[in-house]
Amino acid sequence: MLEVKDLHAYYGDSHVLQGVSLEVGASECVALLGRNGAGKSTTLKSIVGLIPSRRGKVVFKNRQLDRLPTHRVARAGIAYVPEDRGIFPTVTVDEHLGIALKAARGRSSRRTADYVYQLFPRLAERRRNLGGQLSGGEQQMLAIGRALVSGPDLLILDEPSEGLAPVIIDSLAEVLNAIKSEGTPILLVEQNYHLATYLAHRVYVLSQGLIRFSGTTSALIADETVRRTYLSV
Amino acid sequence: MQLFLTQILNGLQLSMLVFLLAVGLTLIFGLMNILNLAHGAFFTLGAYCGVAIAAATGSYWSALVMGPVLPFVVGFALQLLVLQPLAERGRSTHLDLALLTFGLLFATAGAVEWLYGSAFHAIPTPALLSGHVSLLGLSYPAYRLFIIGIGLAVAVGLNFIFDRTLIGATLRAGVDDRAMVTALGVNINVLFAVVFGLGAALAGLAGVVAAPLMSVYSQMGIAIVVETFVVVVVGGLGNLKGSFYASLIVGMTDAMSQAYLPEVEMFAVYALLIGVMIVRPQGLFGRVGRVA
Ligand SMILES: Nc1ncnc2c1ncn2[C@@H]1O[C@H](COP(=O)(O)OP(=O)(O)OP(=O)(O)O)[C@@H](O)[C@H]1O
Ligand SMILES: [Mg+2]
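So the protein sequences, as listed, match chains G and D.
So the first sequence is numbered by numbering that gives the first Met the number 0: it starts at 0 and just counts up by one.
So the second sequence is numbered by numbering that gives the first Met the number 0: it starts at 0 and just counts up by one.
If you are wondering where the hints come from, they were derived from the structure by calculation, not from laboratory data.
Note that the structure is a prediction, hence the values are computed from the model and not measured.
There's no promise every hint is true.
Unchecked claim - When the alpha-carbon atoms are kept at most 20 Å apart in a straight line, the in silico SDA-like pairs for lysine to any residue are as follows:
1. G:K101 to D:R163
2. G:K101 to D:V64
3. D:K240 to G:L129
4. D:K240 to G:T89
Claimed, not checked - Calculated from the model, a selection of chain D residues having no Cβ within reach of chain G, i.e. all distances over 10 Å:
5. S129
6. T169
7. V185
8. I221
Every residue, glycine too, gets a C-beta built ideally from N, C-alpha and C.
Excised from the complex, chain G in its bound form (with noise of 0.2 Å):
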């Protein structure tokens, strides 16, 4: 589904991501794990082209991505929802979600806004207001329902249970692997290592810039040294 190859990522003279390969199966949930700073945000905006200084391979549903401005990376199926989950702060829920249906118009598994309605009954109260005025939970689902109401091939999701409450995380984690039941594909970044190991088929643990271990679910869990040297868990 996805492939990424040896990508290279600059900010000015700093080589932040040295040759990152990963890959995403159909129907797989990948988890990209590693400290902070390690590139994983990096990573995520270097596969939907919002890093300027790139450099690698990226192919999707065998198209290759890694020359596409961003908007025709998001119109290849790819959704993405930011470390920041980039709400618009003047812009109501519906309007939220209108601008994604609308420049999702070509799709054909596009939904509605009443999908996401009822993924998220909490924002359909919400409708109304700005995005500006939702708590941090409710913008992360809109984050979320604005990304999946494209109906895409792909979720890329950047620390989605970053300063949430627990029990939100709870609902969170419940919704995602909804998702990932229905079967889309989901790349996710987080450093929440159970809501990780929870949702992941398979892991990639990052470091400076370069994967050090790659594998199943399991075997992370069963490989202590890696666990201890990259993720303090």
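Following the hints, position chain D with the ligands against chain G.
Just chain D with the ligands now, with coordinates in the frame of chain G:
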């Protein structure tokens, strides 16, 4: 009292003309972060297109409708093919783009002078609006009331688009977080170029609308660009409603000082600008944190 009322109406009329110019400028700045000093060139371009169309067809109304077309096309192309690629490569700073557009402003004046000479032109006031209307005990030129009407209609229309439509929501989103809008699959460069073109078209419309009142000459856009910038700064950069209120303030200041303190007329608008910059550098209607 008569003078006061007349000046209020004159101030309103001037405000609406300035608003037509300022609204495009403020949107372009707020969305694209480009200080477009060439904005005055679209005013000139619209006025000359209007003069040419009115001369060819004999109809003010054709000039009004078709005059803004060329400014739209030129504005759209300028943004999409020149300014956007330069800004994207990251090597052009604010100052580079400001200087480039400043050059375009003078180049347009030069090109117009080369084509049309430095003579003054005008479009005759359309017969329908050449009379006077009695209003509040005054006899006021109908054409000036028409300008006030156009300005208000544009303000209401833009406000509706910006606040109530999906395109407006996409533009607000673009101001909030441009990268995220592209990550949703929106080709924001084209959308922004359309907005740039519309801003240019409104400046062109102002040029046509002003032509029966003011002289049409090659430097007209340079003269008005300063006043327009005062409005944009006073209203808060990128603030649509702010630019409307600031247009009223600037237009009224100008009209009132002209009538009651003619010796400070040249100075009054700049004093206003300096005062605002000192007290509220984000503009009277700008949000804190939106200072670019
Ligand atoms: N905009 C930027 N400019 C310069 N350096 C940056 C920028 N963004 C990130 N970096 C640096 O690049 C490296 C990788 O950052 P990245 O955000 O990809 O890490 P991460 O793994 O997502 O970390 P976290 O868990 O804290 O989100 C870090 O050293 C960071 O300081
Ligand atoms: Mg990160």
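- [ ] Against the structure, test the hints numbered earlier, and report the numbers of the ones violated in rising order.
- [x] 2, 6 and 7
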